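Taken in sequence, the protein lines are chains A and S. Numbering of the first sequence is given in my numbering, commencing with residue 1072 and proceeding in unit increments. Numbering of the second sequence is given in my numbering, commencing with residue 1072 and proceeding in unit increments.
Since the hints were derived computationally from the structure, they do not count as laboratory data. These figures come from a predicted structure and were not determined experimentally. Take the hints with a grain of salt, since some may be wrong.
What the hints assert, rightly or not - Simulated crosslink set (DSSO-like; lysine-lysine; CA at most 30 Å straight-line): (1) K1251(A) <-> K1793(S); (2) K1691(S) <-> K1582(A); (3) K1503(A) <-> K1516(A); (4) K1582(S) <-> K1691(A); (5) K1691(S) <-> K1518(S); (6) K1717(S) <-> K1582(A); (7) K1582(S) <-> K1717(A); (8) K1748(A) <-> K1251(S); (9) K1251(A) <-> K1717(S); (10) K1137(A) <-> K1251(S); (11) K1251(A) <-> K1503(S); (12) K1251(S) <-> K1780(A); (13) K1717(S) <-> K1764(A).
There are 2 protein chains.
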Amino acid sequence: MIRTIFLTGSAMLGVALALPSVATEGQRAWTLDDQLTVPEIRTLAIAADGMSAVYVVRIADRASDKTVAVLRHLDLASGKTRELLRAAWIEDLRRIPGTADWSARIERGEGVQLYRIAANGAVAPIVVHPATAIYGDSEGATYLAYGHAPLPTGVRSYSWSPDGRWLWYVVLDAERYHRKIRYDADVASERAQRRSPGRATALIFLRDPQGKDRLLAKRPHGDISTFFGRSFVRWEKGEVQYDVMEVDVDGRQHTMTMAASLPTGTSRIVENRAKRGYWRLTGPRGGKLSSEGFGMTRDLIETLPDGRKQNYGRFPFAVGDGRAVGGFISADGKRAIAGFRTVDNPRFGLAVIEGTAARAIGGAASLNHCDFTAALDRGVCIAQSQALAPAVVSIDVNRGSTRRIASIAPAHETIAPLRTEPRTWVNRNDSKATGYIIWPRGYTKGKRYPAIVITHGTDADERFANQENQWEYPAQIFAERGYVVLLMNVPFSTQSAESRAVYETWVNETKDRSPRQVQDRIWLNDTASFEDAVSELIGAGVVDPARVGIAGYSRGSQSVNVTMTQSQMFRAASSGDGGYLEPAFYPSLSASYDSVYGGPPTDPAALPNYLRMAPSLRGKEACGAMLLQMATPYSASIDLYSALRKATIPAQITLYPGEDAASDETHIFHIPSNRMKAMEENIAWFDYWLLGKRNPSSPFAHRYGEWDKMRMSATRTCDGSKSAPPG
Amino acid sequence: MIRTIFLTGSAMLGVALALPSVATEGQRAWTLDDQLTVPEIRTLAIAADGMSAVYVVRIADRASDKTVAVLRHLDLASGKTRELLRAAWIEDLRRIPGTADWSARIERGEGVQLYRIAANGAVAPIVVHPATAIYGDSEGATYLAYGHAPLPTGVRSYSWSPDGRWLWYVVLDAERYHRKIRYDADVASERAQRRSPGRATALIFLRDPQGKDRLLAKRPHGDISTFFGRSFVRWEKGEVQYDVMEVDVDGRQHTMTMAASLPTGTSRIVENRAKRGYWRLTGPRGGKLSSEGFGMTRDLIETLPDGRKQNYGRFPFAVGDGRAVGGFISADGKRAIAGFRTVDNPRFGLAVIEGTAARAIGGAASLNHCDFTAALDRGVCIAQSQALAPAVVSIDVNRGSTRRIASIAPAHETIAPLRTEPRTWVNRNDSKATGYIIWPRGYTKGKRYPAIVITHGTDADERFANQENQWEYPAQIFAERGYVVLLMNVPFSTQSAESRAVYETWVNETKDRSPRQVQDRIWLNDTASFEDAVSELIGAGVVDPARVGIAGYSRGSQSVNVTMTQSQMFRAASSGDGGYLEPAFYPSLSASYDSVYGGPPTDPAALPNYLRMAPSLRGKEACGAMLLQMATPYSASIDLYSALRKATIPAQITLYPGEDAASDETHIFHIPSNRMKAMEENIAWFDYWLLGKRNPSSPFAHRYGEWDKMRMSATRTCDGSKSAPPG
């Protein structure tokens, strides 16, 4: 029955979101430029009257070599899209209650400030605070960036009261550099630092209906709730409530909820030690929504304030995933909407919860980045899938139906979609891993193809050529070039209680499971999944066992680095900007490493655990050529590179530069020329090592000489065998 | 006989350089300001007519908080000293042949450039090259600094032809930052970097008598011979010869000697692979002077170009020490002067070699920084000792006599000298270590005193409160405050062939001796020397065994860190800006560590060698309170700090700041306020941990609370026992 509800929603959406016709005329293959210019959706808001919406995408602009933010207005009736604004950065787009205007944090040359945007596109300042602090991977930055150029930031976050008359906001002031002696923890923190950090303080203000600002609090640099815009602001009973982070006597941070009275201006502590997650999903009974249980379906539960639980049934999805839409609650409190992610063929949808029932909206495509009117009767979402470029859809919540309004990536709709097949692989350890096979264009049965596994932990799902998953591994171009591409997730942690316990040991840095169990059930099990998935395709006559590669960045680089030093199946690899698991990071990550390895590498009892899995200690076990693409020259990655070269394994470490000498490229690359080069380097690397192909016009053709030398001097080649559990 | 020669010179000098009378009236005790303002002698030159000399000292200037360079002119007949110039930097002071003027590299606001200085003090530019490159511990610096603020440098080195008509010089051009992808070794080099380095190229020019410049060579950033001003320039037979560094096919550098013809301008390679040491001592037979043998006396040898050897006899000194005066050869080639350092009670003097005989000039005081007339008949030197503040002396080479001309540190001559006693200690391993006891002022026999050992490898010798030896450990102030101070060298490597072989294993990064032998004979033997020297004073009733501390920076920090994790004799220590021996530095120093430890710390065969001596792995063996004063937040030192704290050992790591956010204090501190603070911190630290004293007006009084906490929570105290050879 539950399954039926889900399928109903799915089927309905299917109608509205059918693939564009795959007629070959007028359609074309993927280009590198397409890979680069897939828009990243940042923020979306529906008008109060539900007649229009605005949204922001970030798109690589090759001319300026910047990733720029574009604000577009969409008429939901006509589907007409207008570009309102183009700027270095636009975020936190919201309607201003009681008006037809919008507000957003925008960088238009004065740092990130708060502006009002009229429906005609006119932009006017609301709060401009010139004493900015920098977020970025640069010298003097207050905090690191995730995927953007160093960003001077005046306004960090804001919230309108429900009537739009009051404004709560946070501004930042960089502290001037003071030459001073530092001690102990302030020195030890340098161990993990590449760039000299700056410091800032945050000021929290409340602006009253007359436009008068009242300072509510001055917050220190260490209050990450305030500095990361994660202070959940609630407007309740004549006061505004917000969260700050306070430091315990033992040095740990906890959340404290403050309130400021609107009429009197007095402040009070609502809760000294508030329990807050990053993600808050409120249910129709005022409780907290979550999904519980293991396996392919989960119970949708509301935990009430008194601790009792309301079970809305068992569904093939989970709410609470950080990538799904967050939680909405209707103005009357009776309807809740929570974003979900399906367990199998991972995609995003909406759970609508009313009374004692829950139903799903969503289907073949994912619904991401939604916004709703106050009554939660109408909404807009971004719909996308592996094959469908993102489009805005409108949602009729009562009917559970969706309607496609307009594309947000029209150029990508002219590409003939590649055949992309969702799969759930079961490996030798009975672990399930989800993912997709992208078939080479014009795949011919019976012919064996080269293959590349691309992995980033759990980000392979129904999103369109998602940079967070693919990074600079151009999966679609690889398929165009004749590779079978496996976009593979690692086995999901919630498939069994034991698997979850192992992951929790790692994530919570406990000793609940032994280091060997943690290694075996996480990274060595990832390797088993990759091997077994590839084996299946080899067995089916699809993949040529002598031409298999693997790629992954960040969490994926862990899987890649372990796989390449355990398995003989992968002739080439590309590992992106990661070094976790290497001994060099022990001092910065000792609690985490203690769970994985049982102690520091210089502890004779722990060293065997390092020797069995730390990639840089297993250079002699490697055989395939490894490319390490870096945004930052991590010591750990340099160690891996050095170990591989010492063992005569072909290896290259490539550092992509930042904007200038004082800044770095970010973990998620943001400089278009770096992104293009990194993709070209991956193509050149896999073509060379898997296919023996050279392209004289590749920007990396000058490296072939080095690669030839490494190939000639390699004393070992891969025999194609699978990994055996290390001793 | 030889001994007689030596003693003769010594006795003669003794007359001229007798200590100022130690009458207590008009004299005073040392102050911290005295410690700070001991002048550092940089460069000295005698006029061609031998009538005058100029010299440069660097002195801390508290008002500007800079260390400034002062150029002084001295009339040798009258002893009258005039200050000619004060600037940020003055170096390479030389007479301009054929004129009465001088030249020097000076930073007077345009970067370091080459200037002419008239006898009246007028300064005029000779070469000003605005495209400077920075030497300093700062972001964007071309090369690191040794002990000065970031120094933009236009002219790096220069040489006048013997007739003064031609000028050979090197200028530097910083390269603009180019955003580019980097590979492999260019990425791996980042592992050891704290600040983003800049790059530069060097241009070598020859200026002809008409003032026309000819470009001889453009040298790359990696040519350290050119970039460090170590290109020995010879003017021979119508050409100028100079050395550059070239890179072999195997990546190693070698010296190549080039020549440019003065008349024709053509260049030729003189020697493709020249054998050059940093230090060149030419003998009267055109050979190379050196000291050979082991023990307390050495043979003075000239190795002729054909390989034959001329032995000038056995002396209680060695030539070729980098801290001694370099080599001079008379215009007629018949007389050579080479600086020496005595083996016992280490002090500096001059060996004069003529015919088949050698004789010594020098005695109770050291002669450093000498210059001579072309005939080598007259000269000037700086004379100084532990007790004697530096003064200029004139040298009559024929008579072997010296005459005091003028003090260069008059303020320091008003201090009543502390009793400083040279000692040679023989430890339990029969190893000799030289050094000095500075007795507390007003020492009373029969009373037990607290003691502090101060060590910096081999820099304890007859120089006056030398910063390179004492760093920011105010030895004289400690003696004024009632501490017995032992300025101790580590056992000298040349005392036996075996000791030398062990040191060469370490320095040359070979495997001639086993890691255990290297550890036992170097650092563990240092510890034995410190312990046995202190024991002797304890046995003599001089030192209170419960109040003994130890301090050392750089090489000394190695000794201190090992001693504090092997011995229970030292209740407190201060270790300065060093981290060598810690596992964290393995990747940057692998060849050196392989000699000391036998491999990386993650090699199960090598790990036991780390466990027996790497200080950060022996936190549990420590007992005394350790202060780590840093110019740079070395990962290795942070690891030691963390290990000590984890083992509940009282420890503090203190980072002294650079000029600004983008630069660091240098290994030899150069910021006067940092120097004062570091000395005050050492006083507060030893007073607190050895004497239990607090000084409420110390700038570190705010740390007592932390120290109290560490003292209370320490689970172990020192039992006073000596180190046992580790397993």
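Tested hints:
Restraint check for K1251(A) and K1793(S): not satisfied, since their Cα atoms lie roughly 38 Å apart, outside the 30 Å limit. Only pairs whose Cα atoms come within 30 Å are accepted, and K1691(S) paired with K1582(A) is accepted, the gap being roughly 23 Å. The straight-line distance between the Cα atoms of K1503(A) and K1516(A) is roughly 26 Å, inside the 30 Å bound, and the hint therefore holds. This hinted pair checks out: K1582(S) and K1691(A) have alpha carbons roughly 23 Å apart, not beyond 30 Å.
A hinted pair counts as satisfied when its Cα atoms are at most 30 Å apart, and K1691(S) with K1518(S) does not qualify at roughly 34 Å. At most 30 Å may separate the alpha-carbon atoms for a hinted pair to count; K1717(S) and K1582(A) meet this at roughly 19 Å. Between the alpha carbons of K1582(S) and K1717(A) the distance comes to roughly 19 Å, so the proposed pair stays at or under 30 Å and holds. For the hint linking K1748(A) to K1251(S), the alpha-carbon distance of about 11 Å falls within 30 Å, and the restraint holds.
Of the pairs offered as hints, the one joining K1251(A) and K1717(S) holds, with about 26 Å between alpha carbons and a cut-off of 30 Å not exceeded. In summary, the hint linking K1137(A) to K1251(S) is supported, as the alpha carbons are separated by about 16 Å, within the 30 Å threshold. Simply put, K1251(A) and K1503(S) have alpha-carbon atoms about 42 Å apart, too far for the 30 Å limit, and the pair is violated. Proximity of K1251(S) to K1780(A) is assessed by CA-CA distance (about 23 Å); at most 30 Å being required, the pair is judged to hold.
The straight-line distance between the Cα atoms of K1717(S) and K1764(A) is roughly 54 Å, outside the 30 Å bound, and the hint therefore fails.
When the structure is compared with the earlier hints, violations turn up for hints 1, 5, 11 and 13 and for no others.
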